[in-house]
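If you read the sequences in order, they're chains A and B. Residues in the first sequence are numbered from 169 upward in steps of one, following this note's numbering. Residues in the second sequence are numbered from -11 upward in steps of one, following this note's numbering.
Some hints here could point you the wrong way.
Cross-link-like lysine to any residue pairs, in silico, SDA-like; alpha carbons within 20 Å at most [unchecked claim]:
| no. | chain 1 | residue 1 | chain 2 | residue 2 |
| --- | --- | --- | --- | --- |
| 1 | A | 331 | B | 418 |
| 2 | A | 331 | B | 414 |
| 3 | B | 85 | B | 418 |
| 4 | A | 331 | B | 277 |
| 5 | B | 85 | B | 20 |
| 6 | B | 85 | B | 37 |
Chain B stretches covered by chain A per the calculated footprint, using a threshold of three residues with CB under 8 Å from any CB of chain A [claimed, not checked]:
| no. | segment |
| --- | --- |
| 7 | 382 to 388 |
| 8 | 398 to 408 |
| 9 | 452 to 458 |
If you're looking for bench data, these hints aren't it; they were derived computationally from the structure. Computed from a predicted structure; not experimentally measured. Glycine is no exception: its CB is placed at the ideal position from the N, C-alpha and C atoms.
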Amino acid sequence: MMLACLILIPLAAGVLAWAAARWSVTAARWIALLAMLADFTLALSLWISHYHAGFATWYAETDWAWIPQLGIRFHLAVDGLSLLLLMLTFFLGTISVLVSWREITEAAGFFHLNLLWILAGIAGVFLAVNLFLFYFAWELMLVPMYFLIAVWGHENRTYAAVKFFIFTQLSGLLMLVAILALFFLHHHATGVYSFEYQDLLGTAMSPGTEMWIMLGFFVAFAVKLPVVVLHTWLPDAHTEAPTAGSVILAGLLLKTGAYGMLRFVLPLFPHAASVFAPIAMALGVAGILYGALLAFGQTDLKRLVAYTSVSHLGFVLLGIFAWNSLALQGAVMTMICHGISTGALFVLVGALHERIHTREMDHMGGIWSTAPRLSGAALFFALASLGLPGLGDFVGEFLVLLGAYQKSIVLTSLAAIGILFATFYALRLVQRAFQGPNTRDWHIPDLVPREGLVIGLMIAALLWLGLYPRPILDTFQQAAARLEQLAPGK
Amino acid sequence: MNVTGSDFTALLPLIILAVTAIVVMVGAAIRRSHALSASLTLIGLAISIGSLWIAAPLLPRQVTPLLMMDHYAVFYIGLIAASSIITVLLAYGYFEKYEGSHDELYILILVATLGSAVLVASSHFVSLFLGLELLSVSLYAMIAYPRRRPLPLEAGIKYLVLAAVSAAFLLFGMALVYGAFGTMEFGEIAARLARPDFNLWLVLPGTALIITGFGFKLALAPFHLWTPDVYEGAPAPVSAYIATVSKGAMFALLLRYFYQTGSHELEPLHLVFSIIAIASMFGGNILALLQNNVKRILAYSSIAHLGYLLVAFQASGDLAPTAVAFYLVAYFVTTFGAFGVVTVLSDGTRDADLIEDYRGLFWRRPAIAAIFTAMLFSLAGIPVTAGFIGKFYVVAAGASAAMWSLVVILVVTSAIGLFYYLRIVVALYSQSTQTPATTSLARPGVVSLIFLSAALIYLGLFPSPLLALIHRLMPGLI
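Just need the whole structure built from these sequences, with the hints factored in.
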């Protein structure tokens, strides 16, 4: 029941906020904020109360009958992995409500409805252990995200929103076909109709079939992650979305792709995944280098940050398919830290855009002299992004490289070059936008207390993750070990 | 052939429809009143639905060789009659804005409904043709009902000519099948087909011609050419009726005829159905991209949807009848919802059918825009709507029969379909300076829209009651 609350609270609060906005927009904002805080507290208390017991199995399950004719159940459960991502979800959810406080004035009620429903969908993705329910939640986050971009986005929003929608919908449908194929294979083998994750684990199939079904899942997750070649929706969507939308896209939506790989691709199709692993790792490295290179070439500040996501998520893909405890731990660490550091960069770019109404770096320069707190924070997160030791991102990427080294020295070396590239784009960002002479004579207000609070929280989180990552690593420890056990040849 | 009292009871739903048509006709002769005719029609339809429960205990029952009243027929008669109620509600608000008398429209709706009900219950070529002509002839007049406007007239004549030609194809096909077997009863045909000694060279062309006739009515590619023009020209409630009742009844019949006789398993026909399905999915979805008229977009989208249904039809197996029945219900609700929005927004001079009419609607009429969005997402098969569960079932039926190429084409074409649904959605939410509208919309139309949206969401979230009902009723078919 507690897990159902995690989804139902944002759903209900969304409707409530929409209704409340007729009378008072501020009330709608407070409803959204309280809902997010409530969910965050719930997830946190779950984590703390189970921390000492370890995270060996599923717990706190909610299991209701839904469509019994096809073995579809409303079945939620958490383990260490989903719990970490849930906390990230509600943390960034709170942040996105806060950053929209002044930015969104038009149809604010409808905005918060969409915002909360996306977060409910994302929570559903991290919680579902019934494949139909998973697909349902997977699609559910799509529509409100589309609206978020299409209604409150920047100049080119329609194009970006439609592209985002079609990429994810098409790949999602391919996953649906794969899910159904798995479902019927299981039915033929056992005579039971079931979409339950636990039932479908270990379904017997021929290597060829396994590969095709695995690819169906992989493509859906690869679009979200994004894997290079399938990434082209990302820069457009991230750039055109309002700040809260960018934070959620980069911080959470991309993570659903990585989560899908960890939760479904590896455990359901261990053999096909291990055959495919070298290709996936190569794609990951390609993403690291390509994303970093393109980030270096951007003049639009938001687009630059968007391309860094392609690069960082390349590390995640590399770590997942390197498929050993170290690399998996690193991948999850990178997922969480990237969510916070890139989310923060989007918050800062959004704050800057609100003040100077441009995202072009050529029009900036010398911001430091007029808004030192904003610029200092940007430097901090740029350094996090380039992997400065002591901050969370470093831990994640270091672990990924350590793990991947055992699988492929060549790919690991190339990935390490990616970190070098990151230094170029991160420092270029800071130098072009914030340092140098203030040629345009910008006079802008610095971060207001609300923004300061948001950024302060994110800085604290990132420092904590960088200096004392143990709790995160412990939480995922057992799941990582189990995944490593699955790797063929072990 | 003796017809007993129980036979009459089993036929009660059809008899009530016929009687209501006569009552409305006599009523109109005594006193012309739009409201009176519409209410009488609604009452008759409601009683007809109620009488399904009276007929139910006697089922299944073969009433004369012509009609098979079984649970399958009862399910679809209920669906058709309920759809006619929605049509009457939409039409009432729509035609209230026109000058002239409208009583005859309701008689036509009742007769068309009777024809559709005969279709879904028919087990004989004669009743098939009878039902089809009852439906078609009423539709000619319904399409051209606003007779002072050129577009409906053009659409009516187009439909008349093409429907007559397709009926000729159908008749010829039936004649060939009769020539081969010497019977027009579906059951007998099934028995003869099971024996290997029939003349394949009569049966095969005959069945192909029957498929042509069906294909026209269902607007499957390549027999779809009339669809966009007729949808565009016909008054919006009538377009909705053609898209749903006329096609739904025909599809139910197609399923009964082919599943009962087993003639879709003749070797080359499988390929024919696959080609028709693929052509419909691609044709419908791609041609819809080029349209600027909402009614034409819905017309092409309905071509694509019938293509999806054909995938489920081909899957046969246990899942297919369930998938088709659920998909049809979802499709009925959604299509009525979409055309219902067009209907309530239309004024006395023209239908609100250009995308431009919908630009910024969300800022003028948020509730109507939200309903339209839900309907479009349902057509696109997005979760929380009935269309999602429907599409899920169709894909599941295809996957259960391992028809991977058809399933993948379905997936790819429905992604193409997203483009034009999203085009309308984008227009709905585009920023505009327009202020909220103050004029109120026709009440019956709005009531039915609210009901349809509630049904859409309910079926999308809790499909199992309807699925359980379908499961209980459908085994009678095969």
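So, going through the hints one by one against the coordinates:
Of the pairs offered as hints, the one joining residue 331 (chain A) and residue 418 (chain B) holds, with about 17 Å between alpha carbons and a cut-off of 20 Å not exceeded. The hinted pair formed by residue 331 (chain A) and residue 414 (chain B) meets the criterion: a straight-line CA distance of about 12 Å does not exceed 20 Å. With a CA separation close to 29 Å, the supplied pair residue 85 (chain B) and residue 418 (chain B) exceeds the 20 Å bound. The hinted pair formed by residue 331 (chain A) and residue 277 (chain B) meets the criterion: a straight-line CA distance of about 15 Å does not exceed 20 Å.
Taking the CA atoms of residue 85 (chain B) and residue 20 (chain B), the gap is about 16 Å. The hint holds against a cut of 20 Å. Distance check on the hinted pair: residue 85 (chain B) and residue 37 (chain B) sit about 29 Å apart at the alpha-carbon level, beyond 20 Å; violated. Given as covered by chain A, the segment 382 to 388 of chain B passes the check, having 4 residues with a CB less than 8 Å from a CB of that chain where 3 are the minimum. Requiring three or more residues with a Cβ within less than 8 Å of a Cβ of chain A, the coverage given for the segment 398 to 408 of chain B holds, as 6 such residues are present.
Under the rule that three or more residues need a Cβ within less than 8 Å of chain A, the assignment of the segment 452 to 458 of chain B holds, with 3 such residues.
This entry does not satisfy hints 3 and 6, going by the numbered hints stated previously.
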